[in-house]
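Those protein sequences? They're chains A and B, same order as listed.
Just so we're aligned, residue 1 is where the first sequence starts under the UniProt record's numbering, counting upward by one.
Just so we're aligned, residue 1 is where the second sequence starts under the UniProt record's numbering, counting upward by one.
Hints listed in this document are in silico derivations from the structure and should not be mistaken for laboratory results.
Just so you know, not all the hints are guaranteed correct.
[Stated by the list, open to error] Have a look at the derived ranges for each label pair, beta carbon to beta carbon:
(1) L98/A x E424/B: 45 to 53 Å
(2) R48/A x G422/B: 53 to 61 Å
(3) D101/B x P50/A: 54 to 62 Å
(4) S321/A x I166/B: 38 to 46 Å
(5) S105/A x G422/B: 36 to 44 Å
(6) P50/A x E35/B: 43 to 51 Å
(7) P50/A x F427/B: 44 to 52 Å
[To be verified] Non-contacting residues of chain B with respect to chain A, defined by C-beta distances greater than 10 Å in every case (computed):
(8) I38
(9) E43
(10) E47
(11) M67
(12) G73
(13) E144
(14) G319
(15) N393
(16) E407
(17) D411
(18) E468
Note that beta-carbon positions come from the ideal geometry of N, C-alpha and C, so glycine has one too.
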Amino acid sequence: MSTQVHANLTEAQVEQISDDLGEPEWLLETRKDALAALEELEMPDVIRTPGRTWTNLDALDYESLVDPLDYAQDKDRIDADGVEVLSWSEALDEHADLVEEHFGSVVDPQRDYLTALSTALFSAGTVVYVPEGVDAEDVKIRTTMNSQSLFNYTLVLAEESSSVTILERQGTGETTDADQYYSGIVEVVAEENAYVQYGALQNLSEETYNFQVKRGHADTYATVNWIDGNIGSRLTKSNVETRLLGDSSESQILGAFFGHEDQHFDIASRVWHEAEHTTADLVTRGVLDDDARSVYEGVQDVGREAWDTSSYQRENTLMLSDDSEADASPKLIINNHDTEASHSATVGQVDAEDMFYMTSRGVDPESAKNMLVEGFYVPVLEEVQVDELREDLDQLIYERLRE
Amino acid sequence: MSSDQDHLKETDTEKRFEFKKEEKSAFEAEKGLTEETIRVISEDKDEPEWMLERRLRALEQYKEMPMPDGWPGAPDLSEVDVDEIVPYIRPDIETRGGVDDWNDLPEEIQDTFDKLGIPEAEKNALSGVGAQYESEIVYQNMQERWEEKGVIFCDMDKAVQEHEDILKEYFMTKAVPPSDNKFAALHGAIWSGGSFVYVPEDTTVDMPVQAYFRMNSDGMGQFEHTLIIAEENSEVHYIEGCSAPKYSEFNLHSGGVEVFVKENAHVQYSTVQNWSKNTYNLNTKRAICEADGTMEWVSGSMGSKATMLYPSTVLKGPGATDNHITIAFAGEGQDIDTGAKVYHNAPETKSTIESKSISKDGGRTNYRGLVHIADGAEDSSTSVECDALMFDNESTSDTMPYMEIQESKVDVAHEATVGKIGDEDVFYLQSRGLDDDDAKQMIVAGFIEPITEELPIEYAVELNRLIELEMEGSLG
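The shape of chain A in the complex, shown without the other chains (with noise of 0.2 Å):
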């Protein structure tokens, strides 16, 4: 544990945060919580096959990472009627009890070490709360990192029978030459009969280290469906989960990456089945340039008493180059017999017949590749309802492979 950041965290410089931020005494005492328990707490859980850890995150040097009153930051949000789009403060001022009530409802505070080093240090963040029967257009929210490190923490509640959709872009600001650490936890609430997308856009710095954590639980015929989509950062340790809890509630985990040079993906989605007639669809396709590696786990988990499931999961990887590297592990857990459920995986190379039609046809091979490598992300796109979302990871894929 010696390469944890613990050593240099004071409990006075959590108080400073939390005076900055104006936060009732509960909170402080759910983040020194958090802190204190640094001392006991693990790394996230990582796959490991004997022999081989597939991300090593203990090896990252947190001590000089995280600077925790350094919180220089650019916000955006912009909200759609009916929605209340706030920053903590506000929240903690207008809705202090509906922030109590479900602050750490959904990710544990003591998840693992790295979340509660986000609850202990989270600076800011946006608290989205949906009103009952409000159907409202999309929120964006944008996220510029102007320092060293940076804790987020978004808190949506969508209330009974509404609907929002959400926008989340994470950029950096300034570039400095140092190593940088983002770290993001969202928790998103569905109500009975709620719907919530919440579309992620990472596209930080490739000298950032990055760890999220994003959690639904849906209620009664509530949905709760994530898109995650990751170009930036040097290193990406993202888990996406959803727990199916009210009777026919459903789930969809849409994530697509782009990793080049030598970034480090490692992407989970998880979706738990607890309550009956309960659907999920997880859809993650990846395409690997240069040294880049990606690590896929999947988890289907279908709890004892989820019956009439559906549940399924595709996996598909691209590999551009020798060099880089993709590990997938796609879990079924079945506890009751009355599922459907399936799951799949693939990794290949553009397909060499579909190079020869489109060359062929004039097309020189390198469009024809760039091409195949903009089509193979069409099933995911094609999902994604916030239009800017789609267009901005469609820019930013159609760049990429370009440079």
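Start from chain A and add chain B according to the hints.
Positioned in the frame of chain A, the structure of chain B alone reads:
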């Protein structure tokens, strides 16, 4: 063939597997594992010094290694206390290395294997058979025409004496070193019995060679070692069958299997495992496959309380191929954690894994597999297919594949499905006049057909009978 089938059909499978024999042995080691026990085993077998040294080194490794219990969803091994088992029992038989005439076997042992149907199978379809009772091979036979071609089929203890150079080179050095896992180390320390198969160049053994392992005593461990070497352009099919009656104490089976498939050789290794439901089956099996060689693993895992077994193949030479076909059936109280591992270490290597599992009455099946494609293994391809069938809501079925792909010019596909037995299928068969049980039986038989069609008829019939037995009267 048909009379043989009839025989197996008429035989009451339950009686065939569940009977017990009065324990009667010539030598029984003390419970637990000490250097002393190992020296006794080694001395009793009159082993050369180097083998004793390997055993003692493996014992050291065993003591240092952790239990394989830190894995997600791994079976509970807390009951496995090696200090509580009897690691070595030499049955009461005069001839070391087994008799070569069936009628020379002591009556009780003869009777045991008769009930299992071994002699009939040998007469009809096998080129050789070895039978292991407790820790020792008690019967060994090889048809003369194979012997004349230089094919060797003998028990491992005899191989240590008579083929020392080959053993020194291959025994737990290249395929399954004791350092592989805790139970491989345990095996290296106290292994006993098992088979040695050697097939010379350009030789095709066109009838299966069989070994049958029977654990009869309470609270014992069986640790047989199998070493198969198929030289260039040779071909052999090896079958092992295993069984043990049920006792109150737990039994431990921790075998080691090493297969060497040389250039352009072809080895099929088939297992029908039906250990009693208090046996922990913690086996290590690995093949090393040279250029253009083919390794095939076919296995049916029926018995045991808990099984952890992932037959693995290292595709070492270009053009090597590995196929796995496995079926696991877990009933009440059983945890069958099994799968396949393939290492593609050379270009143009191919592998296919087809895994089927059935769980019912609270049983748990898990497919745990690893496909590793090394950097430089260009134009390799692998396809993994897992299907799970579940009968009820107390049962569990998990799929945990791991894929490590370090080479881009590859074709990797993994697919898995889980489902309950189709109501429509059952309805269709019922509407044709079958009752519920028979309909389900038929659906299961169809589900496992890809496995049974790879096995010689006796084994296919046996596997089907075992599954019938597991399902009898418990469908509803």
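Going through the hints against the structure:
1. Between L98/A and E424/B the C-beta distance comes to about 48 Å, which sits within the given range of 45 to 53 Å.
2. A hinted range of 53 to 61 Å is violated for the C-beta pair R48/A and G422/B, which are about 37 Å apart.
3. Remark: the range hint 54 to 62 Å for D101/B to P50/A is contradicted by a beta-carbon distance near 46 Å.
4. Taken as a hint, the range 38 to 46 Å holds for the pair S321/A and I166/B, whose Cβ atoms sit roughly 44 Å apart.
5. A hinted range of 36 to 44 Å for the beta carbons of S105/A and G422/B is consistent with their spacing of about 40 Å.
6. Taking the beta carbon of each, P50/A and E35/B are about 28 Å apart, not inside 43 to 51 Å as hinted.
7. Taken as a hint, the range 44 to 52 Å holds for the pair P50/A and F427/B, whose Cβ atoms sit roughly 46 Å apart.
8. With a closest Cβ-Cβ approach of about 26 Å to chain A, I38/B is found to remain outside the 10 Å limit, as its non-interface label requires.
9. Its beta-carbon lying about 34 Å from the closest one in chain A, E43/B satisfies the requirement of being farther than 10 Å from that chain.
10. Residue-level check passed: E47/B sits 30 Å from the nearest beta carbon of chain A, beyond 10 Å.
11. Taking the minimum C-beta to C-beta distance to chain A, about 13 Å, the non-interface status of M67/B holds against the 10 Å cut.
12. Distance to chain A contradicts G73/B as a non-interface residue, since its nearest Cβ pair spans about 7 Å, not more than 10 Å.
13. Consistency note on E144/B: stated as away from chain A, and its beta-carbon is indeed over 10 Å from all of that chain's, at 44 Å minimum.
14. Every C-beta of chain A lies more than 10 Å from that of G319/B, the closest at about 20 Å, which supports listing it as non-interface.
15. Not every CB of chain A is more than 10 Å from the CB of N393/B (nearest about 5 Å), against its label as outside the interface.
16. At roughly 7 Å, the least C-beta separation between E407/B and chain A is not larger than 10 Å, which violates its mark as non-interface.
17. Not every CB of chain A is more than 10 Å from the CB of D411/B (nearest about 5 Å), against its label as outside the interface.
18. Consistency note on E468/B: stated as away from chain A, and its beta-carbon is indeed over 10 Å from all of that chain's, at 20 Å minimum.
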